[in-house]
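With the hints as a guide, bring both chains together as one complex.
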Amino acid sequence: MTKGLDNLKHVVVLMMENRSFDHMLGALMQADPRINGLTGNETNPDSNGQPARVEPLALYQSQLDPDPDHHFPGVNLQLYGNGGPPGVPTMQGFVKSYFEQRRDVNHSHKIMYYFPPAKIPILTGLARNYAVFNGWFSSIPGPTLCNRACAHYGTSFGQVGMNLFYLNVPYLSIYERMVKAGRTAKLYYFDQQSSSLEVVNLLKNQPRLFGLYEDFLADCKKNRLPDYCFVEPNYSDHEDDGGGELLASDQHPDHHVLAGEAFIASVYNAIRKNPNLWKSTLLLVTYDEHGGIYDHVPPPACTPDTPYVASAEATGTGVPFAFDRLGVRVPAIAISPWIPKGTVIAGSEDAANGRVFEHASIPATVMQAFQLNDENRSPREKAASTFLDLLSDQMRPDNDCPVFK
Amino acid sequence: MAKSTNVIRIPKAPADAFNQHRPVSDLLWTQVEHLAAVVRREIDEERRAIRTEGQASAFIKKYTAFLHPQGASKKPAPSSRGAKQTSSSKSAKKKPTRSSKG
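These protein sequence lines map, in sequence, to chains W and G.
Quick note on numbering: numbering that gives the first Met the number 0 labels position 192 of the first sequence as 191, and the sequence is numbered without any gaps.
Quick note on numbering: numbering that gives the first Met the number 0 labels position 36 of the second sequence as 35, and the sequence is numbered without any gaps.
Note that these hints are calculated values from the structure, not bench results.
Just so it is clear, the structure is predicted and the values come from calculations on it, not from any experiment.
Mixed in with the good hints, there may be bad ones.
Where chain W lies over chain G, by a calculated footprint (3+ residues, C-beta under 8 Å) [said to hold, decoys possible]:
#1 4-13
#2 16-25
#3 33-39
For each residue, glycine too, the CB sits at the ideal point set by N, CA and C.
Same shape as in the complex, but just chain G (with noise of 0.2 Å):
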């Protein structure tokens, strides 16, 4: 930007113009609402789309997390049978076995 003649100083609000306490507007709640109905909708369709367990836990993993983040924190126990496993894997084609807790 060349040098302009035409200066104009841009005004400052003052220190005390910060109030998170001031009582939420229309336009705020409306907003909270809005978000709250997508996410309603959001956890229904993810809800109504499980089919397998696999799908089942990985909700429950999202949502558990969501009310206790301390414990998505924290690393999985580790497997029974000691190996890294995913259900494509061929230790998984095994037959699998149950725990003794059920």
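Chain W on its own, in the form it takes in the complex (with noise of 0.2 Å):
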């Protein structure tokens, strides 16, 4: 056991939405040639069939409107082109798709448009300062609610769209599991007019694990952080009760996405700012899905989630999907005065070496990290890679480790 899991008591988790690995940090591979990103010459055919190159002109708002598609038939156009599975993707279809959503060729094109770090500073200053993950993929080639799923209970119960509703499913969220084994464990929602959302499985069922942001700072502040908890940035432009404005934080189109940069940047800061939480602390940033946002990795096959199949009419494609290969991938960054800084792990581009992530890795992290033994546990779950290794025995100086201010 290395120093730095020897010291572990916390793992925190935040979930933006609706990104892509190369949108945000795919320009990283300039300065750092073993992040897995874009050369620039990636290019998708638009509907002319016109080469579509990836550009570094992404913009904070209003560019990306309308959303872009990524419900399961949409995502495996983007993945497949005009074929489909079975067979390796392509990762030619997103102009494609995006063209189909508002018939404008040139609007298709934004698809594939990119932040260069400078304007992201927050997300891309954590990537090279900790751990960046080459290969975490969302878990489900579809949307945000069956990817959540699978980061709170290790599946999404057969599911590949946005209604989920559980009746006697077979596995506990992680949540329900912690509580069961003596630990404690919390989701951490912005406040009530955003709310979770969890609202219609955990919220509803186990009000009691929950907690608001003003929460988790509070509880960052005092030492009372749970062992594990999972927080939700806020998915809502509204007023705040004094008629104050509060801006979407959650990054999902057409939100701003410094919103989100700040957001990141408070909870970083709110564990970080706490020197007994800061060394005790494993923070795990990432995003659902891709929100139909160009990649240039296929995602490869994985474990298949037996006994799940979602049927030919429910995933919209006129094909069944068996859960036995991965969505799109995502940014992920683990973060720890533990982790060294400019860790890069290895994806599918390191044959070798390379290792393949996914939501369920979550649940399967903190099962690992809190030492409990629930074999009732997904398929999928149970084959995640898991990240524990990435805490080493050298605890960086503070001076070394950044401060967002």
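Below you can see the structure in the form of structure tokens.
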């Protein structure tokens, strides 16, 4: 056991919304060739058959309107172009998919745009200062809720869409497993106007597991943070009780990306400012899915989530889905003073040593961190890679770890 | 937190980023639908559990207050017998006096 692991007392996950790896972090490859990002030569054919190239022209807001399709059939088109599974995704259908929504060829090229690192200094700063995963994929080539379910339960219980009403499901959420084992766990949602995306199942049945973001901040300050917690950003522009304007901080298009940057910084600072917490916490910042935005890495095959199979009708593609391949790659960064600066966890670009992660890696890692032994878990979670090995023996000096001001 | 030499400035979103008139996304719409479903189910469970007049009046009060919050903020009218009564109080065990208005 490393000293970093020996010191580990808390795992915190912040899950943002709807941005692909290449869109947010792809440009980092220019500074660090170990990061599997963009060369600048990647293209997708547009609806006229002309190549649409990746460009560092992503805007914070008002560019991805309408919201790019990220439901199962749309993602299928993005992955395979005009083909379809089986086979390795070509990643050649993103522009075609976006064209379908507005029938505007020039506008469809914007799905290929990415951020220069200086435009999003918080996320890229974390990626360069801690550990960035080259191979973290959304769990399902579909929308938000089935993907978030994999972070909470290690499975979506056979769902590929947004209507997740779980009745008599065989696995407990990671929070319930923690509590059952005498540990503490919580989901912090931003406020009551934003609420949680887990309203139908966990909030309805397990309200004691929930807190507000202001509780998270207070718990960080007062050394009351649970062993495991999951933080949800603000999902809507709305006014607070005093009439103040609160910007959505989830980075879901068309919400302002910088509001999300500030939120990520706020979560990080809340942990970073408490020395007891800082040395004993592993923070993971990731995104639920790619939101229909281009990424160049084909999602790999994975352990099927037996016995679940989504029917041809449920997928909307005419083809059933056995949960045997992953969704599009998303940003994921592991943060701790025990992680060496500039760590890059190789993905599929490294055939010998590359590792694949997905959202089921979250409950799998939490189980490992707190030495829980519950065999009643999904096949996907049991097979998922974990990331506690990133914690080293050496705690970095305080002045080496960034602060956000 | 000690002084770090590694300081990154937090960028700020402009004031005009705020837009409550943006059309609702699929995500928020789903959240609305799910909350509505949960609340419907909750009301139905409450409704089906009602066995007594007291339970019925509690249910009626809760949802009348939801529909007419101004009414909920007003004090109830004094009891016809003037004293505070509960179903378990001694006075409640006496034969109740029916209201002349039924």
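message: Closer than 8 Å Cβ to Cβ for three or more residues is the test here. Does the segment 16-25 of chain G pass it with chain W?
response: With 7 residues in contact (Cβ-Cβ under 8 Å with chain W), the coverage given for the segment 16-25 of chain G holds.
query: Quick check: the segment 4-13 of chain G, covered by chain W? Criterion 3+ residues, Cβ under 8 Å.
result: As far as the segment 4-13 of chain G goes, the hint holds, because 10 residues have Cβ atoms under 8 Å from chain W.
- request: Establish whether the coverage given for the segment 33-39 of chain G by chain W is satisfied; the threshold is a Cβ-Cβ distance below 8 Å, and no fewer than three residues must meet it.
  value: holds (count 4)
The earlier numbered hints are all upheld by this structure, with none contradicted.
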